[in-house]
Structures are given as C-alpha cells and as structure tokens.
Amino acid sequence: MTLKEILSTYWSQTILALAAIGYFVQRIYELKLKKEESRHSLFQERKINTIMKFLFYYAKVEQMWQHIPYIAIIQNIHTAKEIDEMIWPLMNDLQGTKK
28 MTLKEILSTY WSQTILALAA IGYFVQRIYE LKLKKEESRH SLFQERKINT
78 IMKFLFYYAK VEQMWQHIPY IAIIQNIHTA KEIDEMIWPL MNDLQGTKK
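Our numbering numbers the first residue of the sequence shown as 28 and each following residue consecutively.
Derived from the structure by calculation, the hints contain no laboratory data. Just so it is clear, the structure is predicted and the values come from calculations on it, not from any experiment. Hints may be right or wrong, so weigh each one.
[Unchecked claim] Label pairs and their calculated CB-CB ranges:
#1 LEU69 <-> LEU30: 43 to 51 Å
#2 LEU58 <-> TRP115: 47 to 55 Å
#3 LYS62 <-> LEU82: 28 to 36 Å
#4 MET118 <-> MET79: 13 to 21 Å
#5 PHE70 <-> ASP111: 34 to 42 Å
[Claimed, not checked] In silico DSBU-like pairs for lysine-lysine, Cα to Cα no more than 30 Å straight-line:
#6 LYS61 <-> LYS74
#7 LYS74 <-> LYS31
#8 LYS74 <-> LYS87
Every residue, glycine too, gets a C-beta built ideally from N, C-alpha and C.
Please take these sequences and the hints and turn them into a complete structure.
Below you can see the structure in the form of structure tokens.
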C-alpha cells in the first residue's frame, strides 16, 4: 500500500489523529507560556518591592542626614560610638536592599 492509498482509505482516522496531536501541541505551548508569564510577573513584583524598599530606606537615611546634630558632633558632645549608633543602623538597612 502506498501513502496515497492509506490516506484515501483512512482519511477520517488520519484527520482525527492530526487533530489530537495538534491539540496536545497547543496545550503544551499554552502551559509553557503560562509558566513563563507567571515567572515574569513574579520577577516584576519582586523588582518593584525591592525598589520600593530601597526608596523607603533612602528617604529615612536622607532624613537622618538632615536631622543629625552637626553642632553637637563638632563640639565633641557625642562620642564616636554614639555617632556610629545614629548612622550605621540606617546605612545597613539601606545596603541590605541591594540583595
């Protein structure tokens, strides 16, 4: 039997088999797209959260620099340890947003 004879004899089964194969290929493609879209949206969400967290801590550090008692530091009222305790916790929080 040649291919032409097989297709002319079993044309309905051939179409049904091709339709089934096409359906499964389409489902696999849609699942891959859905997985990639989910991964992309999760990445975007984490990226936005990181940027928001960075901006929050940046604003806190900026405010800290505006309200730091420069005169007391110049007059040596605060020790170096007290100055570090004012500055480094916020700076560490800001650097922690890079991760």
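Now for the hints, and whether the structure bears them out:
| no. | hint | in the structure |
| --- | --- | --- |
| 1 | LEU69 <-> LEU30: 43 to 51 Å | holds (48 Å) |
| 2 | LEU58 <-> TRP115: 47 to 55 Å | holds (49 Å) |
| 3 | LYS62 <-> LEU82: 28 to 36 Å | holds (31 Å) |
| 4 | MET118 <-> MET79: 13 to 21 Å | holds (19 Å) |
| 5 | PHE70 <-> ASP111: 34 to 42 Å | holds (37 Å) |
| 6 | LYS61 <-> LYS74 | holds (20 Å) |
| 7 | LYS74 <-> LYS31 | violated (58 Å) |
| 8 | LYS74 <-> LYS87 | holds (20 Å) |
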